[in-house]
Amino acid sequence: GESVGLHLPTLSVQEGDNSIINCAYSNSASDYFIWYKQESGKGPQFIIDIRSNMDKRQGQRVTVLLNKTVKHLSLQIAATQPGDSAVYFCAENTPLDSNYQLIWGAGTKLIIKP
Amino acid sequence: KAGVTQTPRYLIKTRGQQVTLSCSPISGHRSVSWYQQTPGQGLQFLFEYFSETQRNKGNFPGRFSGRQFSNSRSEMNVSTLELGDSALYLCASSRTSGTNEQFFGPGTRLTVL
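So the protein sequences, as listed, match chains W and R.
Read the first sequence against the numbering used here and you will find it ends at 114, with the numbers running on by one and no gaps.
Read the second sequence against the numbering used here and you will find it ends at 113, with the numbers running on by one and no gaps.
Think of the hints as simulated: they come from the structure by calculation, not from any bench.
In this text, a Cβ means the ideal position worked out from N, Cα and C, and glycines have one as well.
Fair warning: there could be bad hints in the mix.
[To be verified] Below are the DMTMM-like pairs computed for lysine to aspartate or glutamate, each with C-alpha atoms no more than 25 Å apart in a straight line: (1) 109(W) / 101(R); (2) 56(W) / 75(R); (3) 71(W) / 101(R).
[Said to hold, decoys possible] Ranges between beta-carbon positions, derived for each pair: (4) 52(R) / 72(W): 36 to 44 Å; (5) 109(W) / 60(R): 32 to 40 Å; (6) 68(W) / 18(R): 28 to 36 Å; (7) 95(W) / 30(R): 20 to 28 Å; (8) 22(R) / 99(W): 23 to 31 Å; (9) 53(W) / 16(R): 37 to 45 Å.
Construct the complete structure from the given sequences, taking the supplied hints into account.
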């Protein structure tokens, strides 16, 4: 089946630097992509989303880039703070059995170095 | 507005037993999705309910089932528990079915001994 994968399972970033978390997806028919953040002991929390008819979307300190040519998604976090420490998941909304389903990647753990 | 609540938060069962987990969505949300999360794995989709009807189902055995009530609260049941069923079970609610921002509860940590 189709899958969403992450290039790096763990990413260490200096506090104040920018973080870039990458994600590859395999279904070119996916129409919607989401980034979630999961802190220890909590459920995932929505960060930002992007539809397939866009290539960039910005939020507060976060930017999502979508490259449909190479089926790649990235999350950029500006001026990384200790509170950004978490596991980050990308998910793609992909057609499956005449419906759509969110397929999640395995996650990338972001570690902030003081 | 209260968030998604899940009960119980922690549960310990033995192999062969069954378990029922409960999820109360955000008020006004009619869609509830269930996920299984295990260490090193992403979230694995179990099923989605919308207006008391199962709209979508993941690739899990029939031991995993669910239902939704008229007030949108949902339960999932796992029968004949196996060791591999130990996981964090997450519930997420959204206003409608389909492409939509989902709000997650804190999860129920199930341990099967």
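For each hint, the structure was consulted:
Taking the CA atoms of residue 109(W) and residue 101(R), the gap is near 22 Å; set against the 25 Å cutoff, the hint holds. Between residue 56(W) and residue 75(R) the CA atoms are separated by roughly 38 Å; this puts the pair beyond 25 Å, and the hint is violated. At roughly 22 Å between alpha-carbon atoms, residue 71(W) and residue 101(R) fall within 25 Å of each other, so this suggested pair holds. Remark: the range hint 36 to 44 Å for residue 52(R) to residue 72(W) is upheld by a beta-carbon distance near 39 Å.
For the pair residue 109(W) and residue 60(R), the supplied restraint of 32 to 40 Å is violated, since their beta-carbon distance comes to about 26 Å. Take residue 68(W) and residue 18(R): their Cβ atoms lie about 45 Å apart, and the range 28 to 36 Å is violated. In this structure the supplied range 20 to 28 Å holds for residue 95(W) paired with residue 30(R), their Cβ-Cβ distance being about 22 Å. A beta carbon spacing of about 25 Å between residue 22(R) and residue 99(W) agrees with the range 23 to 31 Å that was offered as a hint.
Range check, residue 53(W) to residue 16(R): Cβ separation about 50 Å, and the 37 to 45 Å hint is violated.
Against the hints set out earlier in the document, violations occur for numbers 2, 5, 6, 9.
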